[in-house]
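Student: Once you have looked at the hints, place chain L on chain S.
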Amino acid sequence: MHEKTLAQLSQALHSKTISSVELTEHYLKRIEQFDGALNSFITVAPELALTQAKAADQRLADGTATALTGIPLAHKDLFCTQGLRTSCGSKMLDNFVAPYESTVTARFIEAGAVTLGKTNMDEFAMGSSTESSFYGPTRNPWNTEHVPGGSSGGSAAAVAARLCAAATGTDTGGSIRQPAGFTALTGLKPTYGRVSRWGMIAYASSLDQGGPMARTAEDCALMMQVMAGFDSQDSTSVDQPVADYSAGLNDSLKGLRIGLPKEYFASGLDAATADAIQAAVKQFQALGAEVKEISLPNAGLAIPAYYVIAPAEASSNLSRFDGVRFGYRCEHPADLTDLYKRSRGEGFGAEVKRRIMVGAYALSAGYYDAYYLQAQKIRRLIKNDFMAAYEQVDVILCPTSPTPAFKIGEKIDDPVSLYLTDIYTITANLAGVPGIALPAGFANGLPLGMQLLGPYFSEARLLNIAHQYQQVTDWHSRTPAGY
Amino acid sequence: MALDRTEVEKIAHLARIALNEEDIPATTAKLSGILELIDKMQAVDTQGIAPLAHPLETTQRLRTDAATESNQRDAYQAIAPATEDGLYLVPRVIE
Chain S
1 MHEKTLAQLS QALHSKTISS VELTEHYLKR IEQFDGALNS FITVAPELAL TQAKAADQRL
61 ADGTATALTG IPLAHKDLFC TQGLRTSCGS KMLDNFVAPY ESTVTARFIE AGAVTLGKTN
121 MDEFAMGSST ESSFYGPTRN PWNTEHVPGG SSGGSAAAVA ARLCAAATGT DTGGSIRQPA
181 GFTALTGLKP TYGRVSRWGM IAYASSLDQG GPMARTAEDC ALMMQVMAGF DSQDSTSVDQ
241 PVADYSAGLN DSLKGLRIGL PKEYFASGLD AATADAIQAA VKQFQALGAE VKEISLPNAG
301 LAIPAYYVIA PAEASSNLSR FDGVRFGYRC EHPADLTDLY KRSRGEGFGA EVKRRIMVGA
361 YALSAGYYDA YYLQAQKIRR LIKNDFMAAY EQVDVILCPT SPTPAFKIGE KIDDPVSLYL
421 TDIYTITANL AGVPGIALPA GFANGLPLGM QLLGPYFSEA RLLNIAHQYQ QVTDWHSRTP
481 AGY
Chain L
1 MALDRTEVEK IAHLARIALN EEDIPATTAK LSGILELIDK MQAVDTQGIA PLAHPLETTQ
61 RLRTDAATES NQRDAYQAIA PATEDGLYLV PRVIE
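One line per chain: the protein sequences are S and L, in this order.
Going by full-length UniProt numbering, the first residue of the first sequence is number 1, and it counts up by one from there.
Going by full-length UniProt numbering, the first residue of the second sequence is number 1, and it counts up by one from there.
This is chain S alone, in the form it adopts within the complex:
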């Protein structure tokens, strides 16, 4: 059963070939069997899942089911779930059970999907390897000595190992696309504002965006149909009609103009990844697309700008964790300042503390103009690059990461080296444009990813292009050995 895609499972549920309870029990057994070695889940919720599965079977019987009804999913552990722990991968929120449901998870519940549990992640979504979680690192099912990417590495590993049909992730600097690339999944970062951020624990508010992580573009389309849409509770949510993401999947790519940014194929790009992208280019040409070189001249400034803007926003967002109203509180504080400092010093991990401090520094008197203001100006230059590129091409094709998944422990003590792994993904977050990552090959048993970046609200077109590629390639249908 776990070999089937979400779309195939949906058909099986609707044709009564299988019940949601049977499917849920099957995935729960797989989690029990395999997750000890992967650590992709922080919390598994068998009772909740089976209750939801029974309700889903009732809906499937009485004709009120949606495409997602009865499908077992996992959610990144920063989507607040009422009555189920939401830890954000942090000791700070180890005991946090949200008194409300995030809009994204509420929409899945409304659609009748089943929540198997909450997946591991870099603490507060700060990381590119899922090694900074309070609950220990997640391992890549393609090779357990390697990272699954981050920060949505738990969701990536769980889907790749077929421990759930699909999962949610969030992408602040590449946290859906990079782990999708490292684990041979398809992951979509929607346009900023397309998916509600209400009930998502905030890292960097002007960059964070939730999205689907699944086996195929077709599955991502089904997930997006539930996730996308206006939410009056999120002041950054965009009030625009939601596309029918499945309707155009089979549209022809004839005449599609694809741009290859020359800056993304410079030194530092792994040779096997470059070869995989060139092979994909040929596939797209065979499907009728036209390919041309373009330039994103300010792409090299994205990492410095991101590592000012994201920490600045994080230092503000994470100021709410003060040990008073919820979360970790230190023992025997001497006074209120000691309560704040020790609760935060003991409750946050090293990377979170570093980013809060960088943010506090960048926003402090005397440095604001040189750091924060300058970064926001560079952000406009990067957005302008995209706008100019989309006058020449319909989409941009590039790698998701400079290399395949690196080894656990290889970069964790060198934050700058780890930051550079997001060099190809961060520009889309700064500009707010959507991007889809999909598997494009393998090297030494590890997946190689590519991404397609499109203009604002072009998610349906990106899913169409990815789906057409997946009709003529089989990278997405391969399963890691032993799973």
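Derived by calculation from the structure, the hints in this document are not laboratory data.
Straight-line Cα separation of at most 25 Å, DSS-like style, residue types lysine-lysine; simulated pairs:
| no. | chain 1 | residue 1 | chain 2 | residue 2 |
| --- | --- | --- | --- | --- |
| 1 | S | K292 | S | K254 |
| 2 | L | K40 | S | K262 |
| 3 | S | K262 | S | K282 |
| 4 | S | K16 | S | K4 |
| 5 | S | K4 | S | K54 |
| 6 | L | K40 | S | K411 |
| 7 | S | K262 | S | K377 |
| 8 | S | K383 | L | K40 |
| 9 | L | K40 | S | K377 |
| 10 | S | K16 | S | K29 |
| 11 | S | K383 | S | K262 |
| 12 | S | K292 | S | K262 |
Tutor: Frame of chain S, contents of chain L only:
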């Protein structure tokens, strides 16, 4: 830009984060490395470029100034470290 120990201690205080004595040298080195990375953008001439705070450049949506939330104090306080009579308890500040 390389930071020294005094500056790191000052930033940690501003951020209300207690650092262990033994962590300060490594924190100083890593923060200095990060600042060196972000200092690369200082070389870019951005005169006349307007900062971009929101990717879509939309303005904040407003709503009628009216209370819409119901009182959920019990639910919110159920997850607090310490409460009493509907109030959050914090350590005594003034003896």
